[in-house]
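K.L.:
The residues making up each chain are set out below.
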Amino acid sequence: MKVERVDAGQGLADPWGQAWSALPATTVALNPVDYEAQPNRYIRAAWKDRPYGQTVEARVAAASDGDRLYIRVEWPDDPRPNAEFQDAASAIFPMNGTGALATMGDPEKPLALWFWEDGRPSPLRLVSRGPGVFRKDDGSELSARGACNNGAWGVVFAGPEAVAGKGKVGVAIWNGSNEERGGLAAVSQDWLQLETAEE
Amino acid sequence: MTAPTSSRQLAWVFDLNKCIGCQTCSVACKVLWTREDGEKQQWWCSVNTMPGLGTPKDWESMGGGRDPQTGAPLPGHQPTREEFGGGFDYNYEEVFYGGTGGKAHLEPQGPRENRWAMNWDEDQGAGEWPNSYYFYMPRICNHCSEPTCMEACPTGALHKTDDGLVLRDEEVCMGDRFCMEACPYKKIYFNYERNVSQQCIGCFPRIEAGVAPVCVRQCPGRAVFIGFLDDAEGPVHKLVKEWNVALPLHPEAGTKPNVYYVPPLAPHRLRDDMSIDHDTPRIPKEYLESLFGPEVHDALATLKSEMETVRSGGSSEILKTLIAYRWHELLGPFTVDPATLTPEPTAHQET
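Protein chains in written order, with the working numbering: chain A, 1 to 199; chain B, 1001 to 1351.
Hints listed in this document are in silico derivations from the structure and should not be mistaken for laboratory results. Fair warning: there could be bad hints in the mix.
Claimed, not checked - Partial list, computed: chain B residues near chain A (C-beta under 10 angstroms):
#	residue
1	Pro1073
2	Leu1074
3	Gln1078
4	Glu1082
5	Thr1148
6	Ala1152
7	Gly1156
8	Glu1171
9	Val1172
10	Met1174
11	Ala1182
12	Phe1190
13	Tyr1192
14	Asn1195
As the list claims (entries may be wrong) - DSSO-like mimics (lysine-lysine), calculated; alpha carbons at most 27 angstroms apart, straight line:
#	chain 1	residue 1	chain 2	residue 2
15	B	Lys1320	B	Lys1018
16	A	Lys136	B	Lys1040
17	A	Lys48	B	Lys1256
18	B	Lys1256	B	Lys1241
Claimed, not checked - Have a look at the derived ranges for each label pair, beta carbon to beta carbon:
#	chain 1	residue 1	chain 2	residue 2	range
19	A	Arg50	B	Asn1091	34 to 44 angstroms
20	B	Gly1156	A	Pro51	25 to 35 angstroms
21	B	Thr1070	A	Arg50	14 to 24 angstroms
22	B	Ala1072	A	Ala8	53 to 63 angstroms
23	A	Pro121	B	His1105	32 to 42 angstroms
24	A	Lys109	B	Arg1035	41 to 51 angstroms
25	A	Arg80	B	Arg1112	21 to 31 angstroms
26	A	Arg80	B	Arg1035	32 to 42 angstroms
27	B	Asn1091	A	Thr98	53 to 63 angstroms
Glycine included, each C-beta is placed from N, C-alpha and C at the ideal position.
Bound conformation, chain A alone:
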């Protein structure tokens, strides 16, 4: 997936802004995070017969202003109300070159998640070593903005350019209407290679 080069301040922070409509997006197939890898028997028992991660695909686009990497994720909203749990999304990066998206990483090959959640005042940077096996990390350089528009969520993550280059990105979607959290999510089947456009 090409990381489009844009000028700083081009309005990329707005997930439904004009700037994104001109940029190409890739459709990414999603799967439920691996059930057997869920981190404990409580979660496996509680979700044994309960579907999760049913968001089947997302549209992903990327851009860079030379300083910050912008990742936009769009997916259809589940309109069922839920007062307890919120919709959420992540842009996922391997921390050691690669890692398993299906299990949200593992202890040897952790993944870095830029995590946005509807209603949470600021995004988190998470280090993931398995489904929902997260550690909060310093996310002070991250920003994220999400908005629901005509039945679809659009979220734009922005963070240091350093993670782009020849890197990879994946995405995860949590459907709050279905009480999804932790490792109960839909996640990209495959990594998307981030190809930085030549200047």
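Please arrange chain B on chain A, whose structure you already have, making use of the hints.
P.N.:
Just chain B now, kept in the frame of chain A:
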């Protein structure tokens, strides 16, 4: 699952025959620990009338705990904001400054339907006059020896301390709330503003300073004991392990709770002709058994026997302990007066 280990285990004993439902423990806890953002509806120590739906509403039917055969944690329901209820805003401005005199009354704002809160069903109880009955039950985190909350957490935010308390690292908690589902006692709250779960911390900063938890120290009825379960000379050990008159709540939940209750005796039942029925307890024994297990009958029999001994002019160590003539004995080894501690300077204190 390998049970988490602690060197020692702190335990509480609440004497339900002495609890008068005054809410001093719950308010003391509230004032001390849950006054920050998102904690308005949290009552880490709650006192409810039993029988009753309790806090959160109908918590005893929300599942969690362990399978009695396999020990596996059982799925449970996550109590919602509405089921906990409370955290109301009141019309203070209107009543105190609105110039409406006696017309406006202080009341929670918002919809009236399905309103609920801690102690909402106070003193309703059960039974028919003249044999109606109820008793009060203070509840805190049970600091279980085999806590399902800890096992259900995917981030490892919960741990057992060396003293046996179940504590949460809020920096690690992601707010997934599996702990709330898995807890059979439903004593974990969610902070919707900070996106973390929270529960009774056993007043661990006080414990570390030698001060008894606030629910123990502030009880005006001398109804609460704290101590280490293995302290053979302490009242907690004696009441729980030696005399077997203090029992865990819902032991069938399988988490080995460390809060114990001296079960309630009740006034004698009255017959239709208002004569006293000495043979039928006013609180149905099936109900007490559903709370404390079959051991409740022996516990109550012991209490009655000890009372009879004293009435006959004898002496009872059990009753002397429960009466708590010496207040400090309730506090276990945590007898330091908090007023004698020098507070740590804080950022906003002038030095």
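K.L.:
Hints numbered earlier in the text: which of these fail when held up against the supplied structure?
P.N.:
Of the numbered hints given earlier, the structure breaks none, since each of them holds.
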